[in-house]
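On the provided structure of chain A, position chains B, C and D as indicated by the hints.
Protein chains: 4
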Amino acid sequence: MTFNYTRTIRFQDTDAAGVVYFANVLAMCHEAYEQSLAASGINLKVFFSNSSVAIPIVHASVDFFRPMFCGDEIFIKLMCKYLSSETFEVAYQFVVADKIVAKAITRHVCIDAVSRSRKEFSAEIVRWLREWGEQGKLI
Amino acid sequence: MTFNYTRTIRFQDTDAAGVVYFANVLAMCHEAYEQSLAASGINLKVFFSNSSVAIPIVHASVDFFRPMFCGDEIFIKLMCKYLSSETFEVAYQFVVADKIVAKAITRHVCIDAVSRSRKEFSAEIVRWLREWGEQGKLI
Amino acid sequence: MTFNYTRTIRFQDTDAAGVVYFANVLAMCHEAYEQSLAASGINLKVFFSNSSVAIPIVHASVDFFRPMFCGDEIFIKLMCKYLSSETFEVAYQFVVADKIVAKAITRHVCIDAVSRSRKEFSAEIVRWLREWGEQGKLI
Amino acid sequence: MTFNYTRTIRFQDTDAAGVVYFANVLAMCHEAYEQSLAASGINLKVFFSNSSVAIPIVHASVDFFRPMFCGDEIFIKLMCKYLSSETFEVAYQFVVADKIVAKAITRHVCIDAVSRSRKEFSAEIVRWLREWGEQGKLI
Numbered sequence: 086m087t088f089n090y091t092r093t094i095r096f097q098d099t100d101a102a103g104v105v106y107f108a109n110v111l112a113m114c115h116e117a118y119e120q121s122l123a124a125s126g127i128n129l130k131v132f133f134s135n136s137s138v139a140i141p142i143v144h145a146s147v148d149f150f151r152p153m154f155c156g157d158e159i160f161i162k163l164m165c166k167y168l169s170s171e172t173f174e175v176a177y178q179f180v181v182a183d184k185i186v187a188k189a190i191t192r193h194v195c196i197d198a199v200s201r202s203r204k205e206f207s208a209e210i211v212r213w214l215r216e217w218g219e220q221g222k223l224i
Numbered sequence: 086m087t088f089n090y091t092r093t094i095r096f097q098d099t100d101a102a103g104v105v106y107f108a109n110v111l112a113m114c115h116e117a118y119e120q121s122l123a124a125s126g127i128n129l130k131v132f133f134s135n136s137s138v139a140i141p142i143v144h145a146s147v148d149f150f151r152p153m154f155c156g157d158e159i160f161i162k163l164m165c166k167y168l169s170s171e172t173f174e175v176a177y178q179f180v181v182a183d184k185i186v187a188k189a190i191t192r193h194v195c196i197d198a199v200s201r202s203r204k205e206f207s208a209e210i211v212r213w214l215r216e217w218g219e220q221g222k223l224i
Numbered sequence: 086m087t088f089n090y091t092r093t094i095r096f097q098d099t100d101a102a103g104v105v106y107f108a109n110v111l112a113m114c115h116e117a118y119e120q121s122l123a124a125s126g127i128n129l130k131v132f133f134s135n136s137s138v139a140i141p142i143v144h145a146s147v148d149f150f151r152p153m154f155c156g157d158e159i160f161i162k163l164m165c166k167y168l169s170s171e172t173f174e175v176a177y178q179f180v181v182a183d184k185i186v187a188k189a190i191t192r193h194v195c196i197d198a199v200s201r202s203r204k205e206f207s208a209e210i211v212r213w214l215r216e217w218g219e220q221g222k223l224i
Numbered sequence: 086m087t088f089n090y091t092r093t094i095r096f097q098d099t100d101a102a103g104v105v106y107f108a109n110v111l112a113m114c115h116e117a118y119e120q121s122l123a124a125s126g127i128n129l130k131v132f133f134s135n136s137s138v139a140i141p142i143v144h145a146s147v148d149f150f151r152p153m154f155c156g157d158e159i160f161i162k163l164m165c166k167y168l169s170s171e172t173f174e175v176a177y178q179f180v181v182a183d184k185i186v187a188k189a190i191t192r193h194v195c196i197d198a199v200s201r202s203r204k205e206f207s208a209e210i211v212r213w214l215r216e217w218g219e220q221g222k223l224i
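Protein chains in written order, with my numbering: chain A, 86 to 224; chain B, 86 to 224; chain C, 86 to 224; chain D, 86 to 224.
Pulled out of the complex, with its shape left as it was, chain A reads as follows (with noise of 0.2 Å):
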């Protein structure tokens, strides 16, 4: 299934050329990410904080097709792909006024947050995965 997620693009997301700075889209797939984790019932305080495990990005890519202007209210559909019981991948796309202005794709590994060695996805983790991923598809 899709998570969808609306975000209105702020003064503070655009740069002197009038449009939404690149750097930002990416800040954008991350809220959406946060936003799924929260739908499907996990802390994020809790899950931003934890000391023992982490899920910090490996990679990610970012294309855009078209501007982003202050005001454009955006809507992103995000889907994630299981890749192995540490790795998965989130895959983004930005809608305007039903044209695709943006994709984008973030990895993510699961790790020991002291050693930071590799480690399993939490079961909380895996409902995410299940909940807002389609068969090994991506968008």
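Hints in this document: simulated from the structure, not taken from any laboratory. Just so you know, not all the hints are guaranteed correct.
As the list makes no split between identical chains, a pair holds if one copy fits it or if it spans any two.
Below are the DSSO-like pairs computed for lysine-lysine, each with C-alpha atoms no more than 27 Å apart in a straight line [stated by the list, open to error]: (1) K130 x K166; (2) K162 x K184; (3) K184 x K204; (4) K162 x K130; (5) K166 x K184; (6) K130 x K184.
The following block gives chains B, C and D in isolation, referenced to the frame of chain A:
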């Protein structure tokens, strides 16, 4: 009348101390301000890319009472105050779980975007000031 | 003594009005503060990830006199002021091409990071206060 | 030739996991890019507020190998690559204490800022590409 804006604290808003980075609180104030403009029917894209008129912030201050954490749901109460035909102030109160966690003020001056000399507010700003102000009283 | 920090305005610092986004000025203040700590021999990594002591900002204010543009070379003059055994203020002056473009103040309180109760400054902070303060006089 | 840019990790760059927030690494790439433009004699203020030509990023990707902490001194090695008369790529390598901590790429397309149709690079961009490129070889 008070304008109310709800916002979830995002991972990006935090710093290595585990709480919201201080300057990001002012960015959230501006988000609430933008949302209040939109609620009064102002087109944000036109408003913030206007090449003839600008309403830059000339002063801002903020007081922090309690830390804000990733995942916290914050309620921002915004109230504006007419100071002169080219100046207004906006007051913001941040509430988490019924406790005031921060207060802030921004002061704005209307100028000609090219000459940067003062200029009277447009009719839509006067309407916005009437809608979200309260007889010259700040929060 | 005044601590001096030089910084080029980056594209990311700007917004769609073509000038520096107001809240980013406070982030630049913090950069200058960090650099002044490092100049006094304080290890920033240890200082900002200290799990027992924290010195959060409880108040900040900023005044803007002129716009700052991408590429501008800014000179930030920092001076700190001892207020009590757990409180200090830092004053910042932003200068571009010999003109003051902004002024800011941050107030910090030393606390126990767990209980969040007040705590006296460490010896290294006292030394930093002596180095960059001037007989209780702010800029 | 490789362009080298040094940058201290700031508190603002970090998140509640205690390390640099992933999207901020791309913002640091852009800082290095801006500095390389300035090093070739390009006026950043004119370049980034040019109302007729723009060189937006159409693609970015980043790989993270090790975490970066507040206070870390990072060395960014930048190299650009000519792809066509309107397209170039920039590759970035992040090094901390002689270890590669991240790698990134940004792809840029030169366009007419109004019509948003493709446009050939100006002479100054061609000069910059010659200065920081190396026979079509990326890092």
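Q) What label fits K130 with K166 when the C-alpha limit is 27 Å: within, between, both, or neither? A) Only inside one copy: K130 and K166 sit 24 Å apart there, 35 Å across copies, limit 27 Å.
Q) Taking 27 Å as the upper bound on the Cα-Cα distance, should K184 and K204 be classified as within, between, both, or neither? A) between (39 Å within a copy, 24 Å between copies)
Q) Taking 27 Å as the upper bound on the Cα-Cα distance, should K162 and K184 be classified as within, between, both, or neither? A) Within. Shortest intra-copy distance 13 Å satisfies the 27 Å Cα cut-off; inter-copy 34 Å does not.
Q. For the identical chains here, do K130 and K184 meet the 27 Å Cα criterion within one copy, between copies, both, or neither?
A. Between. Shortest inter-copy distance 18 Å satisfies the 27 Å Cα cut-off; intra-copy 34 Å does not.
Q: Could you place K166 and K184 in one of the four classes (within, between, both, neither) given a Cα distance threshold of 27 Å?
A: within (24 Å within a copy, 31 Å between copies)
Q. How would you label the pair K162, K130 (within, between, both, or neither) given a Cα cut-off of 27 Å?
A. both (23 Å within a copy, 23 Å between copies)
Comparing the model with each earlier hint shows no violations; every hint is respected.
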